[in-house]
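Undergrad: Whenever a hint applies, use it, and build me the whole structure from the sequences.
Residue numbers (our numbering): 27 to 365.
Please keep in mind that the hints were generated in silico from the structure rather than gathered at the bench.
Warning: the hint list may mix true and false statements.
The calculated DSS-like cross-link candidates involving lysine-lysine, where the alpha carbons are at most 25 Å apart (straight line), are [to be verified]:
id	residue 1	residue 2
1	K34	K65
2	K73	K35
3	K127	K73
4	K34	K73
5	K73	K125
Here are the in silico distance ranges between beta carbons for each label pair [unchecked claim]:
id	residue 1	residue 2	range
6	E87	S294	33 to 41 Å
7	V315	L173	20 to 28 Å
8	R365	S29	28 to 36 Å
9	P41	L173	22 to 30 Å
10	T196	S142	21 to 29 Å
11	H43	E327	20 to 28 Å
12	A38	S197	45 to 53 Å
13	G149	D120	16 to 24 Å
14	E358	E338	25 to 33 Å
15	D120	S47	19 to 27 Å
16	S294	G149	37 to 45 Å
This structure is a prediction, so every number in the text was calculated from the model and none was measured.
Glycine included, C-beta positions come from ideal geometry on N, C-alpha and C.
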Amino acid sequence: MVSLSLIKKSNATIPDHLPPSLVAIFVGGTSGIGEATLKLFTKSTSKPHIYIIGRSLSSAERIIAECRTLNPSGNYEFCQKDMTSMGDTRRLCDEIRSKEKVVNLLILSAGDPDLSRTKTSEGLHRLFAAQYYSRILLMTQLLPLLLNAESLSRIVNVSTGGGSEGAIDTSDMQALTLPMMQLRGHASTMLSLSLNRIAQENPTVAFITQHPGTVATPALGRMTGIFGVVIRFLTSILGWAFAVPIDESAERHLYLATSSAYPPREGSAKGVPMVGGLEELHEGVDGEVGSGCYSLGWNGEGPGRKAVELLEGYGRDGTGDAVWEHTMGEFERIQREDR
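TA: Set out below in structure tokens:
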């Protein structure tokens, strides 16, 4: 486990090692982990240009006002978009590409805690639309801008991860009928397989998926279905004794977003040099140290040998290719129907 004290020590060196005017996109930045990490990034950087993506205009206006107080030198823009919609996701990417030539950081924390298995108007499982499909679409559409970055080029995907990869049901990629207990493993493996594919084709960008643990955020209160009832019941009984405080979660995500402990496979955009006590590169999802694609738990550890072997097997037997073909096929179908 990477200690919080060392993480704070690393984060404190960000102004010394990263240049001014970094361009960062926070998808899901209007509440919870995204908001907390955004504010910490704002305080830690010089003249940042930050895009805040979310659905709530009132929340965005409040956060932008707070960011201007935290760092008056920054530039803050809100884009009101629904990340369960692939159409909205494409329009967001078009807007950013029309304004920027470089993006340094993409942090994805938007999620719809709807466990009812309902479909969006585009025919996607609502839960997976926000947790998987829109994230892959954002990454692939914004990669040209990330590839232009020099000092920092990174995607941090706040979702399932950290060795929680499990079996995939290729007959139900969207997990519309999958038992609840298999959802996390299924989603985590789809993400890891897809991100590793993108990372191999784009070795100068670092890709990190991290499961944040239990963090007291508004998303827990909005979680639907019996699972949501169980989570709220357990937290009402146990309190937040075992939860990760939101301030600590923000520190940990800023560290993931900037530390050279999680570098891309190639290139110079490695981030902040490791401070004393943090001297080892992390192992990627392929089992190689510093391989550019990482799957982590809340404490920065993972993925673990079992997950690495599972992903290797899916790479060999064609399951990884099947996941990618399914994903691209859904994007093409939705784009055709949008015309």
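Undergrad: For each hint, tell me whether it holds in the structure or not.
TA: Okay, the hints, checked on the actual structure:
The suggested pairing of K34 with K65 holds, with an alpha-carbon distance near 15 Å, which does not exceed 25 Å. Annotation: proposed proximity of K73 to K35 holds, straight-line Cα distance about 21 Å (limit 25 Å). Annotation: proposed proximity of K127 to K73 holds, straight-line Cα distance about 17 Å (limit 25 Å). Of the pairs offered as hints, the one joining K34 and K73 holds, with about 21 Å between alpha carbons and a cut-off of 25 Å not exceeded.
This hinted pair checks out: K73 and K125 have alpha carbons roughly 17 Å apart, not beyond 25 Å. Roughly 37 Å separates the CB atoms of E87 and S294, a value that falls within the hinted 33 to 41 Å. Hint check: V315 to L173, Cβ distance near 23 Å, so the stated range 20 to 28 Å holds. Hint check: R365 to S29, Cβ distance near 52 Å, so the stated range 28 to 36 Å is violated.
At about 25 Å, the beta-carbon gap between P41 and L173 stays in the expected band of 22 to 30 Å. Taking the beta carbon of each, T196 and S142 are about 23 Å apart, inside 21 to 29 Å as hinted. Range check, H43 to E327: Cβ separation about 24 Å, and the 20 to 28 Å hint holds. The hint said 45 to 53 Å for the Cβ distance between A38 and S197, and at roughly 50 Å that hint holds.
About 22 Å separates the C-beta atoms of G149 and D120, a value consistent with the hinted range of 16 to 24 Å. The given range of 25 to 33 Å is respected by E358 and E338, whose C-beta atoms sit roughly 29 Å from each other. A beta carbon spacing of about 23 Å between D120 and S47 agrees with the range 19 to 27 Å that was offered as a hint. For S294 and G149, the Cβ-Cβ distance of about 42 Å falls inside the hinted range of 37 to 45 Å, so the restraint holds.
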